[in-house]
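Heads up: the protein sequence lines correspond to chains B and G, in order.
Numbering-wise (this note's numbering), the first sequence opens with residue 86 and increments by one.
Numbering-wise (this note's numbering), the second sequence opens with residue 36 and increments by one.
Worth flagging that the hints you see were computed from the coordinates, not collected in a lab.
Do not take every clue at face value.
Per label pair, the in silico range of CB-to-CB distance [claimed, not checked]:
| no. | chain 1 | residue 1 | chain 2 | residue 2 | range |
| --- | --- | --- | --- | --- | --- |
| 1 | B | 140 | G | 284 | 31 to 39 Å |
| 2 | B | 264 | G | 92 | 46 to 54 Å |
| 3 | B | 271 | G | 163 | 23 to 31 Å |
| 4 | G | 283 | B | 268 | 17 to 25 Å |
| 5 | G | 293 | B | 231 | 45 to 53 Å |
| 6 | G | 315 | B | 286 | 36 to 44 Å |
| 7 | B | 284 | G | 312 | 20 to 28 Å |
| 8 | B | 231 | G | 108 | 37 to 45 Å |
| 9 | B | 271 | G | 236 | 43 to 51 Å |
| 10 | G | 92 | B | 184 | 52 to 60 Å |
Negatives, chain B to chain G, calculated, CB over 10 Å [as the list claims (entries may be wrong)]:
| no. | residue |
| --- | --- |
| 11 | 107 |
| 12 | 149 |
| 13 | 269 |
| 14 | 280 |
For each residue, glycine too, the CB sits at the ideal point set by N, CA and C.
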Amino acid sequence: MQLPQAIERLSSLLARLPGVGERSAQRLALHILKQEPAYAEALSGALAGLHSGVRFCERCHHRATANLCGICSNPHRDASLLCVVEDVPDLLALERSGEYQGLYHVLHGVLSPLRGVGPRDLTLEALVRRIDAEAPAEVILATSISVEGEATASYIQSLLRNRPVLLTRIASGVPQGTDLEYLDQGTLGRALRARHSLLRP
Amino acid sequence: MYIGRLHAEHFRNLDTLEWWPHRHFNLVTGQNGQGKTNLLEAISVVAGLRSFRSARLQDCVQFGQERATVAVQAERQGVRCDLAVQFGASARKLFVDGKPTAGVSTYLGKLVAVLFTAADLQLPHEEPEARRKYLDRVVFNHEPAHLGDLRQYERVLASRNSLLRQARLGPVDPQLIDVYDGLLAQHGARIIARRAAVLARFAPVLSEVFARIAAPGLSAEIAYAPRGVKKADRDVADLQDELLGALRERRDRDLAMGHTTRGPHRDDVGLWIGGRPAQLHASQGQCRALVLALKIAEIRSLEASLGEPPILLMDDVSSELDAERNRALMTYLEELGGQVFLTTTDARFIRVAAPRQVFAVHAGALTPGAVLEGAAQGES
């Protein structure tokens, strides 16, 4: 061992983070050591308080500090719209778009028999209960455009069959600002199949 | 499209190789075990990043060496292109025109090589999978989107099979299996429809090529034999409904088997000679003529989509064909006008009049012979 144990311990913990390899973990640990001791204390304090200070929103399962998250407790959000997303980063991306003023439901994953993820591993039961209780006018399925995302959307569709709710799926196809010639055939094919009419005879 | 220069290092028994192949015919001769096939393999690896002999590229690294390199200077429609691949213990590295390239998609397609080996002659007698692969290659040549659709279908299929197996261990929501039935039917119908559409255009080409190389009066047909739908040449929506019905009907059986027994992954390609199934009724010579016709038709479909002939790699094919089929094959290759690499233990098997060069392979080393100008064709 070429480094003191305290540094080794920190870097081996940092190396477990996604996208951080052994060498960058070591660099991060050495960097923290170079800062004022107050920084390391603030960092460790922030880490220590993370779990006790964060819980799941009991309505939408987004991360929250209280029983309800900031979005669910905001009276200006449109409660007639419910958007179902795979995970928190997807919710944040939709928020950044500024287009959406409704509420969310976070599944915390997608169905994947290959990885052993079944309906019970997601917040699907809560979703159905919520729709029955809150009766939104529209449920938007914003799971990703992949085999797993499509399977999850399709399963939710079968769960919500016979319920008085408009169920929609986000569009997929040509991204804005893209030249058609640079698109892969799969995306282009999808965009063609999902075309919409501008004029009718 | 042709290879002007090939450089290989530590590739199987080719220690260090510098090769300036002939623009048209390259006859690679040598005794067995000297490295003839290794040369063709090196070309197919640098073109397609896969070996036709082993599943892992690492197996192509010379014993005792860390890594192998294959590099070519190629020309496609008059434009020079340098490709190189390095592989071995560490991660594979790709270079296009000397620049490292991370994406396989920018690399693949720059050099296209078609391989024909003696093993291909068994195609009518192989399992359906071999004929499906042949069909999918032809479909891909016409419509590249096919590959992505196949990958997606395989993922849905693996998911459904995994679910069927989970159902043996404990209860699985039938609605969940419904979901994968729906996706499988949706993706599967597109594959079936595309295979049927391409085959409809391809079948006459095959019949025509076969008529030229087989005995007079004998005809050959290729037909799609789907399992899961009765007729393939229909609307995608109809195919989807029918496939979905077949999956539902087979649900209990699939659950018992632990895998999916209907769908395009079980389809076959029917090969017929003189109106009868080739694998049952045709003679060996007829079957070989049929495979030859299939291969030539595949090359033609590729030529049509590339705008020029692909590079052809023929591994010891001539020794398996009789004199008449050999003549038909060589005549076709001469007409095609592309670059051809043929291996043989005996150059007398190969009767070509086109410009050519013989290369003798001994213990992994190459000795170029004289360039022979064609009798009919000149070369600039």
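Hints and how they fare:
no., hint, verdict
1, 140(B) to 284(G): 31 to 39 Å, "48 Å, violated"
2, 264(B) to 92(G): 46 to 54 Å, "34 Å, violated"
3, 271(B) to 163(G): 23 to 31 Å, "26 Å, holds"
4, 283(G) to 268(B): 17 to 25 Å, "35 Å, violated"
5, 293(G) to 231(B): 45 to 53 Å, "25 Å, violated"
6, 315(G) to 286(B): 36 to 44 Å, "54 Å, violated"
7, 284(B) to 312(G): 20 to 28 Å, "52 Å, violated"
8, 231(B) to 108(G): 37 to 45 Å, "40 Å, holds"
9, 271(B) to 236(G): 43 to 51 Å, "22 Å, violated"
10, 92(G) to 184(B): 52 to 60 Å, "46 Å, violated"
11, 107, "17 Å, holds"
12, 149, "30 Å, holds"
13, 269, "7 Å, violated"
14, 280, "15 Å, holds"
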